[in-house]
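Work the whole structure out from these sequences, hints included.
Note that the protein sequences, when read in sequence, are chains A, B and C.
In the numbering used here, each number is its position in the first sequence, counted from 1, plus 2.
In the numbering used here, each number is its position in the second sequence, counted from 1, plus 2.
In the numbering used here, each number is its position in the third sequence, counted from 1, plus 2.
In case anyone wonders, no lab produced these hints; they're calculated from the structure.
Identical chains share a label here; the pair holds if one copy fits it or two copies do between them.
Within a straight-line C-alpha distance of at most 30 Å, the following computed DSSO-like cross-link-like pairs (lysine-lysine) qualify:
id, residue 1, residue 2
1, K65, K15
2, K66, K15
3, K16, K65
4, K7, K126
5, K78, K25
6, K126, K16
7, K16, K78
8, K126, K34
9, K126, K25
All values derive from a computational prediction rather than experimental measurement.
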Amino acid sequence: MIFTKTIYIETEKKGDIINLTHKIESIVQESKINDGIVHVFAPHATAVFALTELESNLREDIKKLLEDVAPEVGWKHGANAFSHLRSMLLPPDKTLPVRNGRVIRGTWQDLFFIEADTSGRLRKIELTIIGE
Amino acid sequence: MIFTKTIYIETEKKGDIINLTHKIESIVQESKINDGIVHVFAPHATAVFALTELESNLREDIKKLLEDVAPEVGWKHGANAFSHLRSMLLPPDKTLPVRNGRVIRGTWQDLFFIEADTSGRLRKIELTIIGE
Amino acid sequence: MIFTKTIYIETEKKGDIINLTHKIESIVQESKINDGIVHVFAPHATAVFALTELESNLREDIKKLLEDVAPEVGWKHGANAFSHLRSMLLPPDKTLPVRNGRVIRGTWQDLFFIEADTSGRLRKIELTIIGE
Chain A
3 MIFTKTIYIE TEKKGDIINL THKIESIVQE SKINDGIVHV FAPHATAVFA LTELESNLRE
63 DIKKLLEDVA PEVGWKHGAN AFSHLRSMLL PPDKTLPVRN GRVIRGTWQD LFFIEADTSG
123 RLRKIELTII GE
Chain B
3 MIFTKTIYIE TEKKGDIINL THKIESIVQE SKINDGIVHV FAPHATAVFA LTELESNLRE
63 DIKKLLEDVA PEVGWKHGAN AFSHLRSMLL PPDKTLPVRN GRVIRGTWQD LFFIEADTSG
123 RLRKIELTII GE
Chain C
3 MIFTKTIYIE TEKKGDIINL THKIESIVQE SKINDGIVHV FAPHATAVFA LTELESNLRE
63 DIKKLLEDVA PEVGWKHGAN AFSHLRSMLL PPDKTLPVRN GRVIRGTWQD LFFIEADTSG
123 RLRKIELTII GE
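Given below as structure tokens:
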């Protein structure tokens, strides 16, 4: 069985972090699929998905890590080179297991979107739930 | 067809590497699924999966790389900030193809767990095999 | 429904980038699967997949990023340690949604192979399309 859903989120500025966990959990429940996987994907070349804790100090650490690994300046490809590079390292493509109609994740494991482009924008997210 | 299985592994200390390849291969055989995919996932916000060669010198290189990219110290979020950052960069979420009842992988491609937290612990791994 | 296909590509030298987008799109159309996912996987421990824009300046930036994050020299495991480390950070494992018989991706989102080993070689890619 396949259940698909498209959702939209709006980011306000560069670096915005949006927690998608509860939205994904409620769509998985809506799907009535008990066991399988949920695939979450953003069709955007400057978007990032991450899966870990989302505590306020750690948010600052995540921003620092992105700047350490792929700094904003020093690239050949225009102003948003870093956006593409971050989306390459942390791609907007994540799969989680589904059991008994619920998403399996760790207590501190949240799935969140990071706006890696130079400003906020409307972002599309495609969910595919496959199972029985 | 969906086949699911939960396994547990125990790490002894920070940085422990546990090769999961043979365990995953035997569960795929147990599933009787011939063609499809196997999704392997650890519901832990400080866990890492990696897929490449697992030779003893390369183990040292992997530890150095993790320290280069996300060092143990210098973060705002307590003692295990680096654990979360490493789990973000190398998430515990991997999908491999299944053909003729066997996992497809390269000769030197092993799937292994890296204990990214500050000490050893009991870790859960969820396998979902989807196919025919 | 499951549709599988094996393709081969040949790289000529280290760092070669091969755009797989159109090949994957045509195999998804061939599969006659309307809604689901396509999983793309290279069974090679020194191969990289990336998903973002593939513009000529950005190609240079991508090469610089790989060298910044996992430099060619300075490792214990022989001449291709960097190849394994890059394949670990950017694994050859990618999943995209399929809707109405087409791959969903962003306008600037191309899926490409990067030859991370020390020279060109013949590379295998396994596609698994799951859906209805």
